[in-house]
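Protein chains in written order, with numbering that gives the first Met the number 0: chain Y, 0 to 478; chain A, 0 to 534.
None of these hints come from the bench; they were simulated from the model.
Glycine included, each C-beta is placed from N, C-alpha and C at the ideal position.
Mixed in with the good hints, there may be bad ones.
So, partial list: chain A residues that the calculated Cβ filter (under 10 Å) puts toward chain Y [to be verified]:
1. T36
2. M42
3. D144
4. G146
5. S147
6. L187
7. H204
8. R208
9. Q519
10. L525
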Amino acid sequence: MELIDYDSQIPNNVALASDERLKRALEQWHPGYLNWWNQMGPNGFADSEVYLRTATGVDPKGWAQFQYVKMPEYRWGIFLAPGDPERRIGFGEHIGEPVWQEVPGEYRAMLRRLLVVQGDTEPASVEQQRHLGATAPSLYDLRNLFQVNVEEGRHLWAMVYLLQRYFGRDGREEAEALLHRRSGDEDRPRMLGAFNEDTPDWLSFFMFTFFTDRDGKYQLEALAQSGFDPLARTTRFMLTEEAHHMFVGESGIGRVIDATLATMKAAGIEDPYDVDRIRTLGVIDLPTLQRYLNFHFSVSLDLFGAEGSSNAANAFASGLKGRFNEHKITDDHRLVGATYPVLRLQGGAIVARDEPALTVLNARLRDDYANDCANGVKRWNKAIEKSGIQFQLTLPHLGFHRRVGEFQSQPIDPAGNVVTDRTFDQVTVSHLPNATDRAFINSLMQPVYEPGNYARWIAAPKVAIDNKPGDFEFVRLHA
Amino acid sequence: MIDLRTNPDRYHHWTLKLGDQSAELILDVDEHETIGTGYQLKMNSYDLGVDIELADALERLRLSYPQITTVLVRSGKDRVFCAGANIGMLAGATHQHKVNFCKFTNETRLFMEGAPAHFIAVVEGTAAGGGYELALSCDTIVLVDDGSASVSLPEVALLAVLPGTGGLTRLTDKRHLRRDRADYFCTLEEGISGQRALNWQLVDHLVPRSGLDRLLDELVTSRKRTDPPPGPGITLNDIDRELTDDTIRYGHLQADIDRNNGVVAIEILGPTELPASSAELLAQGDASWLIATARELNDLLCHLRFNEATVGTLLIKSRGDLALAQRYCELLLQWSGEWIVDEGLALWQRTLARLDLTSRSIMSSIDGDSCFAGPLAELIFASDRSYFLDNGETGLVLNHLNFEAFPMMNGLSRLATRFWGHPEQLRALEPLINQPLDANAAQDKGLVTFTPDAYDWEDELRLALDGRNAFSPDALTAMEANLRFAGPESMATKIFGRLSAWQNWVFNRPNAVGPEGALQRYGTGLTTNFQRERI
Chain Y
0 MELIDYDSQI
10 PNNVALASDE
20 RLKRALEQWH
30 PGYLNWWNQM
40 GPNGFADSEV
50 YLRTATGVDP
60 KGWAQFQYVK
70 MPEYRWGIFL
80 APGDPERRIG
90 FGEHIGEPVW
100 QEVPGEYRAM
110 LRRLLVVQGD
120 TEPASVEQQR
130 HLGATAPSLY
140 DLRNLFQVNV
150 EEGRHLWAMV
160 YLLQRYFGRD
170 GREEAEALLH
180 RRSGDEDRPR
190 MLGAFNEDTP
200 DWLSFFMFTF
210 FTDRDGKYQL
220 EALAQSGFDP
230 LARTTRFMLT
240 EEAHHMFVGE
250 SGIGRVIDAT
260 LATMKAAGIE
270 DPYDVDRIRT
280 LGVIDLPTLQ
290 RYLNFHFSVS
300 LDLFGAEGSS
310 NAANAFASGL
320 KGRFNEHKIT
330 DDHRLVGATY
340 PVLRLQGGAI
350 VARDEPALTV
360 LNARLRDDYA
370 NDCANGVKRW
380 NKAIEKSGIQ
390 FQLTLPHLGF
400 HRRVGEFQSQ
410 PIDPAGNVVT
420 DRTFDQVTVS
430 HLPNATDRAF
440 INSLMQPVYE
450 PGNYARWIAA
460 PKVAIDNKPG
470 DFEFVRLHA
Chain A
0 MIDLRTNPDR
10 YHHWTLKLGD
20 QSAELILDVD
30 EHETIGTGYQ
40 LKMNSYDLGV
50 DIELADALER
60 LRLSYPQITT
70 VLVRSGKDRV
80 FCAGANIGML
90 AGATHQHKVN
100 FCKFTNETRL
110 FMEGAPAHFI
120 AVVEGTAAGG
130 GYELALSCDT
140 IVLVDDGSAS
150 VSLPEVALLA
160 VLPGTGGLTR
170 LTDKRHLRRD
180 RADYFCTLEE
190 GISGQRALNW
200 QLVDHLVPRS
210 GLDRLLDELV
220 TSRKRTDPPP
230 GPGITLNDID
240 RELTDDTIRY
250 GHLQADIDRN
260 NGVVAIEILG
270 PTELPASSAE
280 LLAQGDASWL
290 IATARELNDL
300 LCHLRFNEAT
310 VGTLLIKSRG
320 DLALAQRYCE
330 LLLQWSGEWI
340 VDEGLALWQR
350 TLARLDLTSR
360 SIMSSIDGDS
370 CFAGPLAELI
380 FASDRSYFLD
390 NGETGLVLNH
400 LNFEAFPMMN
410 GLSRLATRFW
420 GHPEQLRALE
430 PLINQPLDAN
440 AAQDKGLVTF
450 TPDAYDWEDE
460 LRLALDGRNA
470 FSPDALTAME
480 ANLRFAGPES
490 MATKIFGRLS
500 AWQNWVFNRP
510 NAVGPEGALQ
520 RYGTGLTTNF
530 QRERI
C-alpha cells in the first residue's frame, strides 16, 4: 500500500519534500486556499467535529479512515493513484507510445485548459452548497454533505498540483484564479453554467450529487485515460472519492421516495397526483420530484458541451482525454474514419445521424452518462413499483430544456417531441419546478440535529456510513 | 444564388435595438441558419449571411437612424462574444467564395469604422479570431474582467491562416501594439484576458461585470449630442430588381451579360429631374436618384461578385442629360452640410470603394448620350481603361465633388491618385470644372485612355474586351489591384493590398487548404501535416 506522508504541511505521495519549486508554490497557495475555505466553505460549522473519511493511502485499503475532524483542519493534499512504469498511451495519434511524465510542449495550452475547467468545478460545488448545513434533515446527511465538501476541496488541490507542478508561471496564475472565481458571482462567475446555479435546498443537493457530480465522474474517467500520466493517476484517485458523492445523491433521492411512499400508504393515498394531500403530510410528492429531476438532468447535460466539438476531438487525437472506459472499448482507439450516431434536429424532427466519431465525442460521453442516470432512475422506480403506487420517474429526452448544443432553446418536450408552434419557455415551464414547488420544498427545510432523528420528508438510511448505526453522532455540533 | 438584400425584420442573427441616441447591435447567431450547407454556426461564428445582415444594419444606422451617436456591439450568447468566421464554412467553401467572403467582411468592418456613430464592442466572453477583429473595428473595446472573457487571434496557431479581417493590421496600425507583443499574441491559442489585455492596449476598458452597465452608461452619455441631431432618417425599402438568365434590371441601371466574352455591360441612368430643395431630396428618401442609384449599383456589384464569378469584365456606360446631371451635382455641393446630402455622397463613396476593390476588369465607355458627372464621373476614374467616342459630342464633366467627396481607400480622390506624382496635372483640371468635355478635351487632360473615332469605335471596343478575356483572370486581378492604388498606404489599403493578398495566397497553400491542411483538419481531431519548406 502506498502511504500518504502526513508529516509534512501538505500531505502527499508525490515526494513533495524533495521538490523545492513545487513546495514553495503550494505553500504560497495554501493560505489562500484556507482563506477561501473559511469564506466559502460550509457556513457556521468550522468548530464542529465531523466524522470524516480521510485517505491515508491510495490503495483500496488506505483511502477510508474515519475519525472526528474539524473541517478546516482536514488534511487536504495531493494523492496520486499508484503508477505503472509500463503504461502506454491508449488512444489517439500517439497510441502505443509510453505515457508522458512531462507535458508535451505542443499540447500545453490544451491540457492547461482541460485542467482549469475541471478544477473550476470543484470549489464551485462547495460554494453552491455552503448554506445547506443550516437545514440538514439529519446529522447523518449533514456529515455526508461535509464529506462531499472536503473532498471537492481536495479535488481542487489535485488540479492545482498539476497546474503548479507542470505549467510554470501560467499554471501558478491559473491556480490562483481558481480561488478568486465564485459560484454565481456576477463579476467572477465559475466557468460552467450549472456551477453558477443555486443549490437552495436538500432536494436540489441530492439531485446535484446524483446528476451533476455524475458528470464529474464521466469527465474524470475520460481524463483518467490520459496519456499525460500524472493527470491519469490524479483523476483515478479522485474517482474513488467521487463514487461516494453519487451514493449520497442516489440514496438521498431513494430515501425521499421511501418517505413519500410510506407516508402515502399510511394515509391511504393511492393517487400520486393528489398533491395537496400528500404535501399536507410533509413529504415530497412524486410529480414535484419529477420536475426537479427534469431540471437537474437537463442542466447537467449542458456540461458535456455541444455534440460536435473540435476541442474534444483534438484532446482525444492528442491522447489527452479519452472516452469513458476507453481501455474496455474494443475498437482501434484512433477513430479515424469511424462514425457515431448523434441526435440531430432535421426538418422539425429528431433523428440519429452517423457522424465522424472523433468530432462527436462529447455526444458519446453524454450518452454513456445518460445510460448511467437511467440505471439509477430504474432503481428508484423499483421501489415505487413495489409500493403499488402507479407512478414512474423518467429521464426527460436529451433535447428537453437545453441551453447548449444541438437542442439549445428548441421547444422540445420531455418525451422528445419538437413542439413547433410553441416557444422554448412555454414548453419547458410546466415541466420544471415552479415557484410553488420551490416554496413548498423550502418550507420542508427545517434542520434536524438530534442523533437518530430524520426530517419527515426523508427516510433513515438502511445502512449508515462505516457500519455505524443510524443514531450515531455523525457531527458533534458544539464541540 | 446569394441575395444580399435583407432588412431587420428578416434578420436571423442580429438584432438592432434602437434607443434615443444610442443603439445596440446584438449578435445572437442562429446556428442552423446558414447561407451554405454542411456546417453549423456555433459559438456566434459567422458566415456571409451573418455579415450581410451586419452590413445592412450599418447602412440603416446611417441612413435611417442618423440620430444615433453610439452603437453598442454585443453578444446575445452567454460567455461568447464571437468566435469569428466559421471554420466549417471556410473549409467547405470554394477559393472564390472564401476570398469574396473575406473581402466583404473587410469592407463591412471598414464601413463600420467610417460610420459617424461611435461603436463600442462589449466583450463579455471570448472574442476569438474574427470575433476580436469585429471588436477591433469598433472605436472602443470594453472587456469584462471576470477571469474568462478574453480576446485572441488564434488563426496562426489553430488554422494555419492569418487573422485576415484586418486583425494584424489593426493591432499595429490602429491600436499601436508593439510588433514583438503582436507576434506573441498572434501565436497564442487561448488569447489574453484581464489586466494584461488592458496593459497591452488590446482593449480600452476593463470592468467587473457589476460595473459594466454603469461604464456603458457613461460612455454612451459622454457621446450624447446637445445640438439638434441630424435627420429624420429615411426608410430603406427593399431594392427591386428583375433577374433573367442574362440581364439584371433595376430602376436606375441595367446589366446585360455577354457570357461568351465574359463581359457585363452596365448602363446607369443619370438623374431626370432636379430636387427643388434639400428638403425635397430628403422627402424623396430612398427613391432619390442620389441614393437609389448608389444602392442599386452596390447590390449589382455584390451580386456579380458572389454569383457571376466568370463574368470578368465590367463595361460601364451612362445615359442621360449631362447638363442636368451636372446641375444635380451643383445642387449637392450647394447643399453639402445637409445631413441627407452628406450621407448620400458617403453612400456613393462606399459604393465606389467597393468598385475599386472588385476583382474584375473595369472598362468604361463614353459617348454623346453619356452623363458622367459627379459620382458617375468617378466610374471613369475608377476604370482600368476608358474609351471616349471622338465625334465632337460631350459626355463627361468635372465637378468639385470629384476632388473632395469620394476618397478612395488610400485617402485620396481618384483624380489625385490618377495623377499621383503630377500635382500640376491635377491643378490643370481646375479650369475645366463644370465644362462639359468631349473626347479631345478629356484626352488632352489625361482623363480617359483612348478616343477612337466613329469608324474605329466598335472595333476598338471589341478588341479591348476580347483581348481582356484572353488573359489569365488571376494575373489580371493581381495587376489591376496593384495599379488601382497608387500613392500612399492607408490602413485600408494595407488590409486589402497586403493582408488579404497574403491570405489569398495562404488559402491556396496545402498547409491551409490541402487535404491534410489545417482548415480541412480543424475540428476533426486529426493533426495537420505541414509542408515544411519556407517560401
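Structure-based check of each hint:
| no. | hint | result |
| --- | --- | --- |
| 1 | T36 | 13 Å, violated |
| 2 | M42 | 8 Å, holds |
| 3 | D144 | 7 Å, holds |
| 4 | G146 | 5 Å, holds |
| 5 | S147 | 6 Å, holds |
| 6 | L187 | 8 Å, holds |
| 7 | H204 | 15 Å, violated |
| 8 | R208 | 5 Å, holds |
| 9 | Q519 | 12 Å, violated |
| 10 | L525 | 6 Å, holds |
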